[in-house]
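Join the two chains into one complex using the hints; note that each chain is given alone, in its own frame.
Residue numbers (our numbering), protein chains in the order written: chain A, 1 to 325; chain B, 326 to 613.
Warning: the hint list may mix true and false statements.
[Unchecked claim] Here are some, though not all, of the chain A residues that point toward chain B, as calculated from beta-carbon distances under 7 Å:
(1) Ala81
(2) Ala99
(3) Ala102
(4) Ala110
(5) Gly198
The hints are simulated quantities; they were obtained by calculation from the structure and are not laboratory data. Each residue gets a CB set at the ideal place from its N, CA and C atoms; glycine is no exception.
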Amino acid sequence: MAKQLEVGVEAIQAKGWFGAHKWLILRRISQLSILGLFLLPALPGYQSATDAGALASFWNSLLEMWPALENMKVVKGNLAASMTLDVIPLTDPHILLQAILAGVEPHKDAIIGVIIVIGFYLLVSGRVYCSWVCPVNMVTDAASWLRRKLGIKSSSRINRSTRYWMLGMTLILPLITGSIVWELFNPVSMMFRGIVFGLGMAWVLILGIFLFDLLISKDGWCGRLCPVGAFYSLLGSKSPLKVVAAKREQCNDCMDCFVVCPEAQVIKPALKGADKGLGPVILSSNCTNCGRCIDVCAKDVFNFGKRSSDEVGMNNVSDSTAQQH
Amino acid sequence: MSDSAKSKTKGVNRRQFMGDMLKTACGVGLMGMGLGFYANKADALPAMAIRPPGALPEDEFLGACIRCGLCVRDCPYDILKLGQLGDDVPTGTPYFTARTGPCEMCEDIPCIPVCPTNALDHSLTDIRDSRMGLAVLVDQETCIAFLGLRCEVCFNICPIRGDAITLEYQHNDRSGKHALFIPVVHSDACTGCGLCEKACILEEAAIKVFPMHLAKGELGKHYRIGWEEKENAGKSLVAPDIEHQYNLPEGVRYDLQGEGLIIESKEDAELPISSNPLDTLNRGLEDK
Chain A
1 MAKQLEVGVE AIQAKGWFGA HKWLILRRIS QLSILGLFLL PALPGYQSAT DAGALASFWN
61 SLLEMWPALE NMKVVKGNLA ASMTLDVIPL TDPHILLQAI LAGVEPHKDA IIGVIIVIGF
121 YLLVSGRVYC SWVCPVNMVT DAASWLRRKL GIKSSSRINR STRYWMLGMT LILPLITGSI
181 VWELFNPVSM MFRGIVFGLG MAWVLILGIF LFDLLISKDG WCGRLCPVGA FYSLLGSKSP
241 LKVVAAKREQ CNDCMDCFVV CPEAQVIKPA LKGADKGLGP VILSSNCTNC GRCIDVCAKD
301 VFNFGKRSSD EVGMNNVSDS TAQQH
Chain B
326 MSDSAKSKTK GVNRRQFMGD MLKTACGVGL MGMGLGFYAN KADALPAMAI RPPGALPEDE
386 FLGACIRCGL CVRDCPYDIL KLGQLGDDVP TGTPYFTART GPCEMCEDIP CIPVCPTNAL
446 DHSLTDIRDS RMGLAVLVDQ ETCIAFLGLR CEVCFNICPI RGDAITLEYQ HNDRSGKHAL
506 FIPVVHSDAC TGCGLCEKAC ILEEAAIKVF PMHLAKGELG KHYRIGWEEK ENAGKSLVAP
566 DIEHQYNLPE GVRYDLQGEG LIIESKEDAE LPISSNPLDT LNRGLEDK
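Excised from the complex, chain B in its bound form (with noise of 0.2 Å):
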């Protein structure tokens, strides 16, 4: 064979390596387009998919949980699921459903230590810490505290009672007389285990569990609460309202949010205004 030969079929071979490979470079460019665009849209996790006590935040998470499902395995009430190939749940990773299985707050949290990667972060180690999502009295129409009957079953359950979920009695408009019991939720204090929604005794739970995000209203930045500020500065950071003046007759004072007028009289003085309402009505009328 001749070395022009030798070169010829040379150079074909390698343009048709170099199409090959820039045909496969190109098909697997553009799986991996379509993979990534998917995954972005396959990241959303349902409402009522809780994380185990202590992820990372959504996004921090799925970079983090490698679907080794060891939460899964030590969790001593097995309430714990990995997200199966057509579920909502992005694939393998770490779920429980409040209503079916709420997490039942273990003392010494066994499904974090056995996290491989900190995606259930290992520094929590108090359970109460833990904010797996917020729960939320959703309806009121039906919650039947609010129609006036004694439940307080949320309340009763929750491992954080008095803290989490308080009752706050209100008056009964429509019987008139009766008091509700009406449960309340504290954000600084509840984890979001879910032992209230599993609790609810209606047919679908009024008190429901949410990630944070669908849970909390939040603020605009720029928002100060004056009140706050107040008791951080010690002192109001703007001028002080000017006490209003009311133009009344000597020896009386009107207090705004309390008793109303107040008459200080002095013991046996007359006083400015008769203490008998009818003197003032009739007043002018004496004579006639």
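Here chain A stands alone, though its shape is the one from the complex (with noise of 0.2 Å):
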């Protein structure tokens, strides 16, 4: 099993190291940028400032336009629901339909948010959540490098449809109790608003995910587990946006990608079913559209593009996604 070690070898020698590192890259500056907006101030450096400059004659001009800036943070609150600069609402569909199975009626600036935010993920595909946004993917995907670099191999074999049953119950939960149960356990929302605003015990449960991962489960969290990426895995069930087995003739069955993808059973309809008349396109609603696969193989099989491509063709191969939350 030499061959797995080196996952990513030919790609780094054919690409370079960047270049088989380049949706990685993005993915983390996404992930690592959004959780930084959520900290930094509206006006960095305006305390400082205060000893004249040209920044602080802009700050303080802008200031009287709008006094509110001053103390105030790029985007206030955290994942289940957020204001940026005071504007654009954005709230969490899984976190606000618990709510509303709950017994609430959300306000207007939570629908607005949630609107906003279902028709951002209808576009892209939903567990673009799960990889470009939620910061557990950081723990998992350690995990998952870790179990690759230790060789470890066995993995319990929890079915992959346990999420879609753990959704169920985060649903039936606030329907029989009246209270957002799932809220006080949720791993996804309790790290970010842990690092957002201060983390408590949460670290032993995110070690405990990393643990999980790396030890009982490949994969296990985000893979089978956490209903949140089962809530979005639905969400983008027919999302446009996809990743596409364009050069699929070219494959040389290195086997990296199914290595490194997260989701692996998704690949082998779309890279290997050209015999049985399927199309290029990853059409799983569970592939994340991380674009490890892209990154990590040689021949350039992979790219982003249209769901529609499943059909016309391979034609229409766009590059680009969208990473802001």
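What follows is the structure, encoded as structure tokens:
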């Protein structure tokens, strides 16, 4: 199994290190900058800018027009609900749905926010949330990476559909108890909120997920259990933005993409389905559009593209993906 | 492959599939039950954690608050915190601690309009109507007002001074010649902001803000307060008490709750009894 220890080596030789890590780097930038926006003050360096300077006078003139900017963060709140520069509200649809099932009438901001978020993920595929926004992704990716490095093979067979049962549970509990029970435990919202507002004992939960993915089940949390991911995968099941195995005839069966992919089962129909008349688009809604398969392929088989290219062929390969949440 | 072989493999698959499904559903169901029970236990808010103004009653609040922390960000005094895993406060929900950071009772209540789910009730527009909790003077043994000292710090810091906290004067029995200036909280005006608890000069505050259900007693539902009912109805609801008749000589009345014995003497008229008590005491001894 020496092969697996050298995952991506071919790609690095062919495209250089940056070329073979492009999407990974972009994703990390996306995840970290989203976190950063919740922590950054809207006027960086305003306090120290009092001793004149061009920046200070600019800030002061800005403050005269918009006094609320002082002490304001660029984005307030967290992923459950946020307010960007006091203008754009964003609301997490999964959490809001739980609240509605618990008997809440959401306020106007929450409704506008949830429409924006749902619209965005309908467009770019729901599980973009998992790979481009969710902070837990960095933890599970690290566990997955270490698992490959240590050559840990054993993995308990938790059914991949368990997450949908979990999702059902998170929606039934507020219906029965009238309380948003899942949010007392949700490691996804807890980790993000923890980084922004203070972690408490939540690190234990995060460490737990890391160890679970490392020692018990390969990509177990994100790929098998997480109800948040399940919700977003349902949300994005018809999204136009997809990964396409456009040049699948060039595949040299190195298997690197299967090794790095957190949802490896989604690749096969698109990559190897030509004989069965299947199109080259990865249609599964469990694909997180993380782009690691694109990075790790020395033959440039994969690309971001449109869902519609499954029928019309392999043209129209679009490289754009919106990363901003 | 023959048809029978095909159907056989299919059958096994289906059985496996059903078995897997059942196992998963049972596992998740059990987990859900566990989470539900734990949540029930974890939902009890500790007494010292006070919800922001306008917060719905606790059980509704936990169904409405989506733990976004927008109220925390918009509090200009930075008093609000979100419960963290391991705290006694339900994870992610906002609260403040009166002793360390009380609510400053902003006129515009900036924490409320940002709440996306009405967990903080948007219909609350006057901070004086909020009922975050209720201040209670919990310890009369250490409150220095009860020891006879002039303190009144809680009274003076109260934003609704004179309504929410008043000073009542009592006789100082110990010294015999001084007054006690006793702070008294009135629940019809106290918002539970906690400024009094913060200001209390003791090592451990003698006046504390508690959630309503801990701070207040409740009368039995059947209980009616007679004088209030009388006032509402405009008359007594039961037969009025018969006025007590005292058996007194003519020209003398007795006022139970006022002056006591009243002698209605006509001027120059002879009194039924002498105004000199000695005459009464010496009655029957005159001849001896």
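Hint check results:
{"no.": "1", "hint": "Ala81", "in the structure": "holds (4 Å)"}
{"no.": "2", "hint": "Ala99", "in the structure": "holds (5 Å)"}
{"no.": "3", "hint": "Ala102", "in the structure": "holds (3 Å)"}
{"no.": "4", "hint": "Ala110", "in the structure": "holds (4 Å)"}
{"no.": "5", "hint": "Gly198", "in the structure": "holds (6 Å)"}
The structure fails none of the hints (numbered hints given earlier).
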